[in-house]
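Chain A is already provided as a structure; the job is to place chain B on it using the hints.
Protein chains in written order, with this note's numbering: chain A, 2 to 435; chain B, 2 to 435.
Just so you know, not all the hints are guaranteed correct.
Given that identical chains are not distinguished, each listed pair holds provided it fits within a single copy or across any two copies.
List time: in silico EDC-like cross-link candidates among lysine to aspartate or glutamate, alpha-carbon distance up to 20 Å [to be verified]:
no.: 1; residue 1: K341; residue 2: E153
no.: 2; residue 1: K425; residue 2: E153
no.: 3; residue 1: K123; residue 2: D236
no.: 4; residue 1: K425; residue 2: D410
Please keep in mind that the hints were generated in silico from the structure rather than gathered at the bench.
Small disclaimer: the values here were computed from a predicted structure and weren't measured.
There are 2 protein chains.
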Amino acid sequence: MNTIKVGLLGLGVVGGGTWKVLSRNAEEIARRAGRRIEVVAVSTLDPDRARELVGDTALITRDGMDIVRNPEIDIVVELIGGDTVARQFIMEAIEQGKHVVTANKALLAKHGNEIFEAARRKGVMVAFEAAVAGGIPIIKAIREGLTANRIEWIAGIINGTTNFILSEMRDRGLPFEQVLAEAQRLGYAEADPTFDIEGVDAAHKLTLLASLAFGIPVQFDKAHIEGISGLESEDIAHAERLGYRIKLLGITRRTENGIELRVHPTLVPKGHLIANVEGAMNAVLVKGDAVGPTLYYGQGAGELPTASAVVADLVDVTRLETADPLHRVPHLAFQPDAVKDIPILPASEIQSSYYLRMRVADRPGVLADVARILADAGISIGSMFQDPSGPNQASIIFLLHQAREGAVDQAIERISAQPFVQSKVTRLRVENLQ
Amino acid sequence: MNTIKVGLLGLGVVGGGTWKVLSRNAEEIARRAGRRIEVVAVSTLDPDRARELVGDTALITRDGMDIVRNPEIDIVVELIGGDTVARQFIMEAIEQGKHVVTANKALLAKHGNEIFEAARRKGVMVAFEAAVAGGIPIIKAIREGLTANRIEWIAGIINGTTNFILSEMRDRGLPFEQVLAEAQRLGYAEADPTFDIEGVDAAHKLTLLASLAFGIPVQFDKAHIEGISGLESEDIAHAERLGYRIKLLGITRRTENGIELRVHPTLVPKGHLIANVEGAMNAVLVKGDAVGPTLYYGQGAGELPTASAVVADLVDVTRLETADPLHRVPHLAFQPDAVKDIPILPASEIQSSYYLRMRVADRPGVLADVARILADAGISIGSMFQDPSGPNQASIIFLLHQAREGAVDQAIERISAQPFVQSKVTRLRVENLQ
Numbered sequence: 002m003n004t005i006k007v008g009l010l011g012l013g014v015v016g017g018g019t020w021k022v023l024s025r026n027a028e029e030i031a032r033r034a035g036r037r038i039e040v041v042a043v044s045t046l047d048p049d050r051a052r053e054l055v056g057d058t059a060l061i062t063r064d065g066m067d068i069v070r071n072p073e074i075d076i077v078v079e080l081i082g083g084d085t086v087a088r089q090f091i092m093e094a095i096e097q098g099k100h101v102v103t104a105n106k107a108l109l110a111k112h113g114n115e116i117f118e119a120a121r122r123k124g125v126m127v128a129f130e131a132a133v134a135g136g137i138p139i140i141k142a143i144r145e146g147l148t149a150n151r152i153e154w155i156a157g158i159i160n161g162t163t164n165f166i167l168s169e170m171r172d173r174g175l176p177f178e179q180v181l182a183e184a185q186r187l188g189y190a191e192a193d194p195t196f197d198i199e200g201v202d203a204a205h206k207l208t209l210l211a212s213l214a215f216g217i218p219v220q221f222d223k224a225h226i227e228g229i230s231g232l233e234s235e236d237i238a239h240a241e242r243l244g245y246r247i248k249l250l251g252i253t254r255r256t257e258n259g260i261e262l263r264v265h266p267t268l269v270p271k272g273h274l275i276a277n278v279e280g281a282m283n284a285v286l287v288k289g290d291a292v293g294p295t296l297y298y299g300q301g302a303g304e305l306p307t308a309s310a311v312v313a314d315l316v317d318v319t320r321l322e323t324a325d326p327l328h329r330v331p332h333l334a335f336q337p338d339a340v341k342d343i344p345i346l347p348a349s350e351i352q353s354s355y356y357l358r359m360r361v362a363d364r365p366g367v368l369a370d371v372a373r374i375l376a377d378a379g380i381s382i383g384s385m386f387q388d389p390s391g392p393n394q395a396s397i398i399f400l401l402h403q404a405r406e407g408a409v410d411q412a413i414e415r416i417s418a419q420p421f422v423q424s425k426v427t428r429l430r431v432e433n434l435q
Numbered sequence: 002m003n004t005i006k007v008g009l010l011g012l013g014v015v016g017g018g019t020w021k022v023l024s025r026n027a028e029e030i031a032r033r034a035g036r037r038i039e040v041v042a043v044s045t046l047d048p049d050r051a052r053e054l055v056g057d058t059a060l061i062t063r064d065g066m067d068i069v070r071n072p073e074i075d076i077v078v079e080l081i082g083g084d085t086v087a088r089q090f091i092m093e094a095i096e097q098g099k100h101v102v103t104a105n106k107a108l109l110a111k112h113g114n115e116i117f118e119a120a121r122r123k124g125v126m127v128a129f130e131a132a133v134a135g136g137i138p139i140i141k142a143i144r145e146g147l148t149a150n151r152i153e154w155i156a157g158i159i160n161g162t163t164n165f166i167l168s169e170m171r172d173r174g175l176p177f178e179q180v181l182a183e184a185q186r187l188g189y190a191e192a193d194p195t196f197d198i199e200g201v202d203a204a205h206k207l208t209l210l211a212s213l214a215f216g217i218p219v220q221f222d223k224a225h226i227e228g229i230s231g232l233e234s235e236d237i238a239h240a241e242r243l244g245y246r247i248k249l250l251g252i253t254r255r256t257e258n259g260i261e262l263r264v265h266p267t268l269v270p271k272g273h274l275i276a277n278v279e280g281a282m283n284a285v286l287v288k289g290d291a292v293g294p295t296l297y298y299g300q301g302a303g304e305l306p307t308a309s310a311v312v313a314d315l316v317d318v319t320r321l322e323t324a325d326p327l328h329r330v331p332h333l334a335f336q337p338d339a340v341k342d343i344p345i346l347p348a349s350e351i352q353s354s355y356y357l358r359m360r361v362a363d364r365p366g367v368l369a370d371v372a373r374i375l376a377d378a379g380i381s382i383g384s385m386f387q388d389p390s391g392p393n394q395a396s397i398i399f400l401l402h403q404a405r406e407g408a409v410d411q412a413i414e415r416i417s418a419q420p421f422v423q424s425k426v427t428r429l430r431v432e433n434l435q
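For reference, chain A alone in the conformation it holds in the complex (with noise of 0.2 Å):
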């Protein structure tokens, strides 16, 4: 059988991790796909480091175009990132016929939809395997694990940086600004952190999970984002206190008014598998009518664990080449004239319990005020407690139980009135995840 060949566009760290992988594992990777994946051609900035690295075995260019229009080449792969040069690299690769393989979240989050309806009309594949937590495979496990089920929600931690800073925020009682920068220094978190910490990498991840979910367009501008820049230690220790664990959640669920697509800072019960997923690792929940709840777990990035992800999607395609692009499994799991547009849930529409925190001035009637508003909006309290929080001064914080977020926004609105309220009223959802 002839060899499959292989474009690689960009060669820094996933991408060299996808040429290590591919020639260390190259006897196993044949023996399961039936022919030998190689790669021929490399285009890079750095062309000193490419050759130190792949030898006289591959061609190496400066320019990703000589990669794209290379008759020679049946699969490109694109890791350079971002949605410029990365988008025009790949739609020229598709309208040359070729498949392609990206780790890009970003890029397909915002143009997935123009991108598959391209490969669909050129009959070729995109995969992306690693596009979402890295090795785990979780968009083959949505896609084509669990096709019996009629998925109701995913939870997801999907983004390690913040993981690992929430783990150390917790478990040495840091603030967060001291956590991010040991994170810097030990390589967890990047110069510019605010993709990551303000939530933006795990919308672009849970936007792609949930068009595989749901069978929707990919749709990211609709997604409700929260990072993790403005989180307490207070509330991490308050929410220990109470059973729960705060992560980043990427959180997508189906209503009968339409799909929530939200990313935040979640408390989670201690004892939930999710809430023991520690430092940089990745874990995804997916609950199916018939499956139950199932969870994925592993690395969600890095060199070889994202390498992984991009291989065995080199090998599907490998696979797949030969089968009638009709009947091939479909990019975003659903057929694409099965694709509906079920309207995103605006943030006020989203139902969920809440913790509230807040300051208040320690004198009688100020609970009864408080808890007179919740009542009002029609919202129920779980439990409670108040400390003393300074001279005068009472911290209470509250666990609500299930609500419209618009409704307990216009109660805090009206409890943050109140002369004796001394501080910002502190929100954060509450998801059991049962």
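This is chain B only, laid out in the frame that chain A set:
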């Protein structure tokens, strides 16, 4: 696109569940598969009950051969179990050129090589996701999701009955027999629980996982199997004190000399995710050289979770039907001509850490004698504690470092022959799963 026609052999718990899932999620499934998947015939020994479930939408027969020889049927789903008639039906279905979906781990663990070879010759698929860990797509994960990796080892909780019993024994401090009786009353254990509690069911599943991971033929007869019926509450309590939990694990590992294939009660560190898999849930930990450790968790049995896997296989077969048979995903993950007959190691060659417990006469020199015997065998002691366990009697518990099982067993034989040893020496394996 024309409908895929399915014949169902057996309409018990999983057969009924398969019918239900295919009916209630028919639209969702068709949106994914691109075609409708319809059960057109059912074989069962209870036609009246079947009529209640399927109404007039499918033929009902008492004879499975009516199904496997029905020219209208594209895929035969075997949910009878056992390795007599099920084997005949599957072989005949293959002979008739039909694809097969089965949940029958006992059959595949014993006769898989023959069945897969017959399927290869006829160019049909035999899918068996439901045979291991119920609804968790673990076969897909190993066979397709981790193809980039040289798999190093797999360790799994793949029998829900025994995990339920162990969870209850630990939580409530009850002896094995009492918990087993309760599990039977609750329907978690069968009237004849031998296959579950003696580890045979787990070994069937592990045999399949080992083949998928390492590209070796299925060879159940070489598995080393120990169940939980001899496990004493005392050891669960000691393990807890040492920071471990006891789980019935199926472990398969690649070593320089061959493959370890073993099922036995195992001490695992309390903080490990797999130690926190409770009740009847299943979880499989897979260590790949590139991806690192990954874990897959969910319901390993039951009507709808198992049906979830059966139906996912139906969608897979539907999607792959048009692919060139040589390019479909191979049954055992590796191409048939690339399967290698790496030897399975005998139990004496297993490398593990060990927990030993013995009752001894409480007098000077006893500990020194036991320690000397271990040292003579080249086995080093990790930690030890001693408790009074009766008048002039003490329990000694050892955690040993990594050793060859044959050496440990010889040392135990020498220890048992000492006059001061007043009980059998309990030996359990310890795995840190790092």
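Right, here's what the structure says about each hint:
1. K341 / E153: within (16 Å within a copy, 42 Å between copies)
2. K425 / E153: neither (34 Å within a copy, 52 Å between copies)
3. K123 / D236: Intra 52 Å, inter 63 Å, cutoff 20 Å: neither.
4. K425 / D410: Within. Shortest intra-copy distance 12 Å satisfies the 20 Å Cα cut-off; inter-copy 66 Å does not.
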